[in-house]
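Visitor: Turn these sequences into a full structure, and let the hints steer you where they fit.
There are 2 protein chains.
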Amino acid sequence: MKIGIDAMGGDFAPKAIVEGIVLAAQELPAGVTIVLIGQTAVIQQIIDNQNFKGSNIEIVEANETIEMGEHPVRALQSKPNSSIGVGFKLLKTGVIDVFASAGNTGAMMVGSLFSIKTIEGIQRPPIAGFAPQIDGSLAVILDIGANADVKPEMLAQFGILGSIYAKATMGIESPRVALMNIGEEPEKGSVVVQQAYKLLQEERKINFVGNIEGKDFFKAKADVIVTDGFTGNILLKMGESLYGILSERGVKDDFIDQTNYEAVGGSPIIGVNGNVVIAHGSSSALATKNMVHLCHRIVESKLTEKIKKAFA
Amino acid sequence: MKIGIDAMGGDFAPKAIVEGIVLAAQELPAGVTIVLIGQTAVIQQIIDNQNFKGSNIEIVEANETIEMGEHPVRALQSKPNSSIGVGFKLLKTGVIDVFASAGNTGAMMVGSLFSIKTIEGIQRPPIAGFAPQIDGSLAVILDIGANADVKPEMLAQFGILGSIYAKATMGIESPRVALMNIGEEPEKGSVVVQQAYKLLQEERKINFVGNIEGKDFFKAKADVIVTDGFTGNILLKMGESLYGILSERGVKDDFIDQTNYEAVGGSPIIGVNGNVVIAHGSSSALATKNMVHLCHRIVESKLTEKIKKAFA
Numbered sequence: 002m003k004i005g006i007d008a009m010g011g012d013f014a015p016k017a018i019v020e021g022i023v024l025a026a027q028e029l030p031a032g033v034t035i036v037l038i039g040q041t042a043v044i045q046q047i048i049d050n051q052n053f054k055g056s057n058i059e060i061v062e063a064n065e066t067i068e069m070g071e072h073p074v075r076a077l078q079s080k081p082n083s084s085i086g087v088g089f090k091l092l093k094t095g096v097i098d099v100f101a102s103a104g105n106t107g108a109m110m111v112g113s114l115f116s117i118k119t120i121e122g123i124q125r126p127p128i129a130g131f132a133p134q135i136d137g138s139l140a141v142i143l144d145i146g147a148n149a150d151v152k153p154e155m156l157a158q159f160g161i162l163g164s165i166y167a168k169a170t171m172g173i174e175s176p177r178v179a180l181m182n183i184g185e186e187p188e189k190g191s192v193v194v195q196q197a198y199k200l201l202q203e204e205r206k207i208n209f210v211g212n213i214e215g216k217d218f219f220k221a222k223a224d225v226i227v228t229d230g231f232t233g234n235i236l237l238k239m240g241e242s243l244y245g246i247l248s249e250r251g252v253k254d255d256f257i258d259q260t261n262y263e264a265v266g267g268s269p270i271i272g273v274n275g276n277v278v279i280a281h282g283s284s285s286a287l288a289t290k291n292m293v294h295l296c297h298r299i300v301e302s303k304l305t306e307k308i309k310k311a312f313a
Numbered sequence: 002m003k004i005g006i007d008a009m010g011g012d013f014a015p016k017a018i019v020e021g022i023v024l025a026a027q028e029l030p031a032g033v034t035i036v037l038i039g040q041t042a043v044i045q046q047i048i049d050n051q052n053f054k055g056s057n058i059e060i061v062e063a064n065e066t067i068e069m070g071e072h073p074v075r076a077l078q079s080k081p082n083s084s085i086g087v088g089f090k091l092l093k094t095g096v097i098d099v100f101a102s103a104g105n106t107g108a109m110m111v112g113s114l115f116s117i118k119t120i121e122g123i124q125r126p127p128i129a130g131f132a133p134q135i136d137g138s139l140a141v142i143l144d145i146g147a148n149a150d151v152k153p154e155m156l157a158q159f160g161i162l163g164s165i166y167a168k169a170t171m172g173i174e175s176p177r178v179a180l181m182n183i184g185e186e187p188e189k190g191s192v193v194v195q196q197a198y199k200l201l202q203e204e205r206k207i208n209f210v211g212n213i214e215g216k217d218f219f220k221a222k223a224d225v226i227v228t229d230g231f232t233g234n235i236l237l238k239m240g241e242s243l244y245g246i247l248s249e250r251g252v253k254d255d256f257i258d259q260t261n262y263e264a265v266g267g268s269p270i271i272g273v274n275g276n277v278v279i280a281h282g283s284s285s286a287l288a289t290k291n292m293v294h295l296c297h298r299i300v301e302s303k304l305t306e307k308i309k310k311a312f313a
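If you read the protein sequences in the order shown, they are chains Z and R. All residue numbers for the first sequence refer to my numbering, where the first residue is 2 and numbers rise by one. All residue numbers for the second sequence refer to my numbering, where the first residue is 2 and numbers rise by one.
Do not take every clue at face value.
Copies of the same chain are indistinguishable here, so a pair counts whether it falls within one copy or spans any two.
What the hints assert, rightly or not - Straight-line C-alpha distance at most 20 Å; calculated EDC-like pairs for lysine to aspartate or glutamate:
id, residue 1, residue 2
1, Lys3, Glu306
2, Lys307, Asp255
3, Lys238, Glu214
4, Lys220, Glu241
5, Lys309, Glu174
6, Lys118, Glu249
7, Lys118, Glu28
8, Lys152, Glu249
9, Lys206, Asp258
10, Lys189, Glu71
11, Lys90, Glu249
12, Lys238, Glu185
13, Lys189, Asp136
14, Lys222, Glu249
15, Lys189, Glu203
16, Lys80, Asp136
17, Lys216, Glu263
18, Lys238, Glu186
19, Lys309, Glu28
20, Lys80, Glu186
21, Lys303, Asp217
22, Lys220, Glu249
23, Lys216, Asp12
24, Lys220, Glu65
25, Lys216, Glu249
26, Lys16, Glu65
27, Lys238, Glu188
28, Lys199, Asp150
29, Lys216, Glu241
The hints are simulated quantities; they were obtained by calculation from the structure and are not laboratory data.
Guide: The structure is reproduced here in structure tokens:
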């Protein structure tokens with residue numbers, strides 16, 4: 002297995018990314034290689050500084066970098082040798098089994114849709130994150146930002162995709178799928194979620210448990226939380242902000258620690274023809290290390306193959 | 002000034018409500034009377050049990066109660082002598098200056114729209130809540146649940162309404178109005194918020210400071226947070242859940258204490274021809290007491306008159 006990582010993407014790249022990769026490389030089982038994509042000399046220097054003696058890190062040269070603020074489509078077209086551009090080429094040709102970057106999220110999304118493309122039958126691939134729960138578990142939440150505007154059919158598909166993801170990577174036999182809403186009753190909420198409720202209820206592929214409200218977000222009432230990319234993004238980022246706020250105030254608590262994004266470090270785009278993971282823009286070495294482990298679980302669990310099968 | 006309170010609405014009514022009223026009555030300035038609406042004998046018994054000796058509580062009989070799960074329109078039509086029905090009659094005829102209830106939110110909304118009616122020029126009245134901020138202040142957030150589906154023009158009006166509310170009840174001279182979004186740039190977010198951004202930016206009546214993200218929700222970047230009733234409701238309820246979760250875990254922190262809804266206890270429907278406040282369904286005596294003080298501030302600040310003037 003080869004895990005491809007953009008060494009140049011992220012607020013603290015390449016240093017934090019490469020340092021995280023060195024940490025991960027020492028924990029991965031035999032047969033798993035990390036392929037770092039970026040400026041070889043710079044990457045090699047950081048690896049050498051870590052006194053890394055292993056043989057499971059490779060480097061593929063990419064001499065351009067797409068910056069955070071760049072327009073995704075234009076950047077990918079004008080910089081074919083960017084670390085993100087090269088990453089998608091390696092993913093498409095099967096050189097790597099998964100591609101992850103903490104860089105320009107838009108470019109990762111555009112690269113996924115135009116390079117490896119959406120799986121047939123899926124309307125719009127969502128990004129799936131994790132929401133910490135009071136019982137110590139993590140719930141899958143999707144979409145967390147790819148689709149600000151959704152249709153009921155898209156939300157119903159998010160339910161199926163999230164269910165497959167939770168089962169594949171977390172080993173939950175029959176994940177409880179819930180719809181984020183502003184009331185428990187089926188007739189509550191926006192026109193879109195009211196219709197999505199009916200579709201989710203009729204969907205035989207999933208274990209739909211109904212609506213949950215904002216007050217239930219942390220309460221371990223679901224394994225998969227379905228929502229649009231607008232609400233999901235705001236909820237997740239608000240949740241993530243708690244760790245920083247309370248750490249600064251000196252509050253130490255296991256549950257609050259779980260809201261630290263570093264614990265997972267990455268969110269896959271699911272429903273495309275390949276494994277793609279978006280890492281947090283401000284990824285630290287710890288976040289990067291944990292993101293590599295998530296990539297490993299995603300490849301090992303054959304997530305994309307399972308999704309293709311479900312929508313075939 | 003007469004503050005009308007539904008004694009029968011809420012999970013712990015009438016006991017918690019009446020006990021909260023007795024607490025509030027002892028703190029209110031001279032000239033302010035609380036009018037309790039509900040079953041006189043029951044209410045009087047609770048007041049007597051509190052050994053209340055003041056003269057600033059009156060009771061108006063209402064022998065029916067609208068239950069939490071009832072259909073709002075049907076309930077108001079079939080129960081004209083319900084505490085909510087009587088409350089709106091007293092508000093419309095000017096007997097009371099504000100009407101508040103912890104009961105059926107839908108009935109409070111329908112009562113507002115059909116009895117005292119929307120102020121001319123306002124598309125859809127929102128419900129305004131408070132979001133606790135890390136600097137100890139409170140930001141107004143609206144809409145928190147009246148309108149799950151919104152148009153850009155509605156969000157722009159929420160900005161104006163929230164600004165007037167923050168200025169009137171919190172004394173902020175030029176409240177910073179922000180739009181809740183999934184990125185800072187104007188072109189981010191759903192089609193509706195992208196258009197709302199432009200309208201808010203062009204609106205001369207307010208001090209628009211741009212988009213804020215979920216991570217900024219608690220960060221004191223705005224005095225007024227504009228959002229649709231779907232997102233606002235979910236965010237607020239998720240925020241409120243923190244107090245319960247962390248209290249149970251033994252975490253004590255001033256900021257977390259602020260997420261306790263009891264500190265404010267009520268949210269006005271703004272943009273209707275009268276002062277209407279919705280209290281939390283599970284209102285305690287403390288929440289009720291603080292809600293009465295909010296009602297007092299709303300009447301004293303001439304909130305509704307100021308809104309009418311702004312939209313004249």
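Visitor: Compare the structure with each hint and give your call.
Guide: Structure-based check of each hint:
1. For the identical chains of this complex, Lys3 and Glu306 are intra-copy neighbours only, at 17 Å inside a copy versus 67 Å across copies, given an alpha-carbon limit of 20 Å.
2. In this homomeric assembly, Lys307 and Asp255 never come within 20 Å of each other (Cα to Cα): the closest approach is 34 Å inside a single copy and 47 Å across copies.
3. With identical chains, the CA atoms of Lys238 and Glu214 are at most 20 Å apart both within one copy (17 Å) and between copies (7 Å).
4. Within a single copy, Lys220 and Glu241 get their C-alpha atoms as close as 16 Å, and across copies as close as 13 Å, so both meet the 20 Å cut-off.
5. For a Cα distance limit of 20 Å, the shortest separation of Lys309 from Glu174 inside one copy, 19 Å, qualifies, whereas the shortest one across copies, 57 Å, does not.
6. Taking the shortest Cα distances, Lys118 and Glu249 never come within 20 Å of each other, neither inside one copy (42 Å) nor across copies (47 Å).
7. Proximity of Lys118 and Glu28 under a CA criterion of 20 Å is satisfied in neither setting, with 32 Å inside one chain copy and 65 Å between copies.
8. For the homomeric pair Lys152 and Glu249, neither the shortest alpha-carbon distance inside one copy (40 Å) nor that between copies (38 Å) is at most 20 Å.
9. Proximity of Lys206 to Asp258 under the C-alpha cut-off of 20 Å is found in neither arrangement, the shortest distances being 34 Å within a copy and 42 Å between copies.
10. In this assembly of identical chains, the alpha carbons of Lys189 and Glu71 lie at most 20 Å apart only when taken from different copies (14 Å versus 40 Å within one copy).
11. Proximity of Lys90 to Glu249 under the C-alpha cut-off of 20 Å is found in neither arrangement, the shortest distances being 42 Å within a copy and 51 Å between copies.
12. Proximity of Lys238 and Glu185 under a CA criterion of 20 Å is satisfied inter-copy only: 13 Å between copies versus 24 Å inside one chain copy.
13. Taking the shortest alpha-carbon separations for Lys189 and Asp136, neither the intra-copy value of 27 Å nor the inter-copy value of 35 Å comes in at or below 20 Å.
14. Within a single copy, Lys222 and Glu249 get their C-alpha atoms only as close as 29 Å, which misses the 20 Å cut-off; across copies the closest is 18 Å, which meets it.
15. In this assembly of identical chains, the alpha carbons of Lys189 and Glu203 lie at most 20 Å apart only when taken from the same copy (18 Å versus 33 Å across copies).
16. When the C-alpha separation of Lys80 and Asp136 is checked against a cutoff of 20 Å, the pair qualifies neither within a copy, at 45 Å, nor between copies, at 44 Å.
17. Proximity of Lys216 and Glu263 under a CA criterion of 20 Å is satisfied inter-copy only: 15 Å between copies versus 24 Å inside one chain copy.
18. When the C-alpha separation of Lys238 and Glu186 is checked against a cutoff of 20 Å, the pair qualifies only between copies, where the shortest distance is 16 Å, while the shortest distance within a copy is 27 Å.
19. Taking the shortest alpha-carbon separations for Lys309 and Glu28, neither the intra-copy value of 30 Å nor the inter-copy value of 66 Å comes in at or below 20 Å.
20. In the homo-oligomer, the alpha carbons of Lys80 and Glu186 never lie at most 20 Å apart, since the shortest distance is 50 Å inside one protomer and 23 Å across protomers.
21. Proximity of Lys303 to Asp217 under the C-alpha cut-off of 20 Å is found in neither arrangement, the shortest distances being 31 Å within a copy and 37 Å between copies.
22. For a Cα distance limit of 20 Å, the shortest separation of Lys220 from Glu249 across copies, 13 Å, qualifies, whereas the shortest one inside one copy, 24 Å, does not.
23. In this assembly of identical chains, Lys216 and Asp12 lie within 20 Å of each other by CA distance solely across copies; the values are 17 Å between and 33 Å within a copy.
24. Taking identical chains as interchangeable, the C-alpha atoms of Lys220 and Glu65 are never at most 20 Å apart, the minima being 44 Å within one chain and 36 Å between chains.
25. For the homomeric pair Lys216 and Glu249, the shortest alpha-carbon distance between copies (15 Å) is at most 20 Å, but the shortest distance inside one copy (24 Å) is not.
26. When the C-alpha separation of Lys16 and Glu65 is checked against a cutoff of 20 Å, the pair qualifies only within one copy, where the shortest distance is 16 Å, while the shortest distance between copies is 69 Å.
27. Proximity of Lys238 to Glu188 under the C-alpha cut-off of 20 Å is restricted to the inter-copy arrangement: shortest distance 19 Å between copies versus 28 Å within a copy.
28. In this assembly of identical chains, the alpha carbons of Lys199 and Asp150 lie at most 20 Å apart whether taken from the same copy (19 Å) or from different copies (18 Å).
29. In this homomeric assembly, Lys216 and Glu241 come within 20 Å of each other (Cα to Cα) both inside a single copy, at 16 Å, and across copies, at 7 Å.
Hint check: violations occur at hints 2, 6, 7, 8, 9, 11, 13, 16, 19, 20, 21 and 24; the rest are consistent with the structure.
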